[in-house]
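**Student:** Given these sequences and hints, build the entire structure.
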Amino acid sequence: MDIEAERSVLVRVPEGLHARPVAQLVALAKAFPTTLEIVHGTKSANPRSAVKLLLLSIKEHDRVIVRGSGADAHKAVDAVCRLLEDTTEAAIPGGISSPFAERAPEPATEPDDGQFRGIGGSEGVALGPAFPYFRQRLVIDRTTVPAAQRAEQVAAFRSSLDLVCAQTDSADATASQIQNALSEIVRDVEWTGGIEAAIAAGLPAVAATLDAGETLAMQFEAVPDPYVRARADDVRGAARAIALNLTGVHDPALGEAPDGAIIIAEDLNAWDVADADLSQIGGIVCRTGTPAAHIAIMARAYGIPAVFGCGMMPEVAAGVEIGIDGAGGMVFVAPGDAERARLMSARTACTAKQDNLQRWASVRPVTRSGHAVQIAANLGSVKEIDAARRAGAMGVGLFRSELLFSEHRRPLTEQEQFETYDAVARAFDDHPVIIRTLDIGGDKSVPGIDIPPEGNPFLGWRGIRLCLDRPDLFKPQLRALLRAAVNRNLKIMLPMISEASEIHRTRALIDECRRELAAEAIAHDRPATGIMIETPASVLLAEELAKEVDFFSIGTNDLTQYIMAADRLNPCVAALSRPENPAVFKAIAMTCAAAMARGIPISVCGEAASSPPIIAKLLSFGIRSLSMSPSSILRIKQFVSEEAGL
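Sequential numbering of the sequence shown, starting at 1, is according to full-length UniProt numbering.
Because the hints were derived from the structure by calculation, they are not lab data.
It is possible that part of the hints are untrue.
Straight-line alpha carbon distances no greater than 30 Å define the calculated DSBU-like cross-link-like pairs of lysine-lysine that follow [unchecked claim]: (1) 59 with 30; (2) 43 with 59; (3) 353 with 383; (4) 30 with 617.
Cβ pair distances, simulated, as ranges [what the hints assert, rightly or not]: (5) 113 with 364: 48 to 58 Å; (6) 597 with 363: 25 to 35 Å; (7) 429 with 514: 14 to 24 Å; (8) 624 with 65: 43 to 53 Å; (9) 219 with 582: 48 to 58 Å; (10) 142 with 341: 34 to 44 Å; (11) 512 with 221: 51 to 61 Å; (12) 202 with 65: 36 to 46 Å; (13) 312 with 429: 47 to 57 Å; (14) 624 with 162: 45 to 55 Å; (15) 190 with 39: 16 to 26 Å; (16) 113 with 624: 57 to 67 Å.
In this text the structure is predicted, and so the values were computed from the model without any measurement.
Even for Gly, the Cβ is constructed at its ideal location relative to N, Cα and C.
**Tutor:** Structure below.
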């Protein structure tokens, strides 16, 4: 291609380009009309193809080249580079950076009196009844399809593909993230195109799908990276799921397993558990598979003990007692009294350890000196609500509304936004829920919203600046927020504030929206309005701005890069981009003093909020509210209660 834009970039996505960031990258690439290419070593791929991106096996800290040609080439290349440099991608607990994920397979040992050794994939000890999950054998018909029936077979394949991908619409954040990412793989145009071409040539849809699945799986298995190799099972699972829909045959349903059951299977993949309640599964034993498999990642996220590669494991009858030592990779079939007693003792110890952390979920932390501290969640989707509530989040300190827009190819309607904000507010009805208005701009591209390229996007048309210039975007969001605020503790937060006039103009728009809603007889309320403190100007004007708003929230990520004049995504100046820098601490202290003098609440919602060494300093400034990823809430509640002295 004729290269019009090219950049070399160091990949900083945590854990590298695994399935979830690949899905994000594909969606971003498809939002531009540009022809794009990512070069990794001697290989290259079109970022519109999830399959080709995964086969590049790009790891964190690898260097790649991004090239673009055609319309918006520079803008598209910059957007892709920003995603590759983004360190904020939330890793799934127990993800591929887990020590378990890197365990090498060992030969399965011969059975020793009902004991079998495999590979520990998720720590913990379990005892429970066996639930065999062995799939039916599919009979593949390879009889040539008459030409008149081939279009019907193609349509059936497309319908089955849609049904399988629709299974990813799960309410659970962890399972849904993984399944949605895998959908990008099976929707890959080259893979589906190859299947449709085979059907058009006369191969039955089932045979074409399974053949293509096996071919692609073998490509993944040829890659040295264990994570990429493990995607072979996902591809085979997806191909089988499509084939099952085509034939009307059904595998056993994991949803029928009794509570606490130990699933015994040849292998499991994300498609097998699409409709299962993972919280009810006691343990998992697979004859094949590795700790890098997505089912292993899910098991670790849920604390389900799991053993993989247990090839000598026999088929056992439903209900037979099975014991698992997930850390040691041991499986016990019908354990004897002594072994059962040992397993029960170990399970009690594991449960006590987890319970010790989980008990903090219901605790309202108080420091040793008697200061109550609110620990809230940073969210970007309703799918994260359950994880936040399980961790005992005391409300939502930051809901990133722009992430809703990034999931669609068009701006969301007022009603779509209202339904989301209302759902979040209802979920935390007894706690405050703070919704940040659209924080998009030159450094945050959103499909369907055209933003011209800028020479310095971090200092450009973004956040509140863009929203005030685009009332067609801003007013529907404000109207949705006013509607969702009825009888709720919902608050509005404005990003990238630099001067009081931006607050005044926003309040004028809010008043305009209130008048419109009143005229339309639509129920609404006027929620508290606060601002993000993330520009040096907002720090220097904190005393004046405190008179204009109801609360402050310090975004330490952007505040640090602006105070230190150091791009937080640039590894060359990473040492400067630390929130514990004295200059940043001084800015935070100034802001806290201004808020307390005015008597308005102040919180911190950046990465610093979940860093114990920094938390102690924040508490000394008078901060009494911290907001963070749900995965950090329990340990920070414990730290604040047991170790924070201020």
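**Student:** Where does the structure disagree with the numbered hints, that is, which hint numbers, in rising order?
**Tutor:** Violated hints: 4 and 10; rest satisfied.
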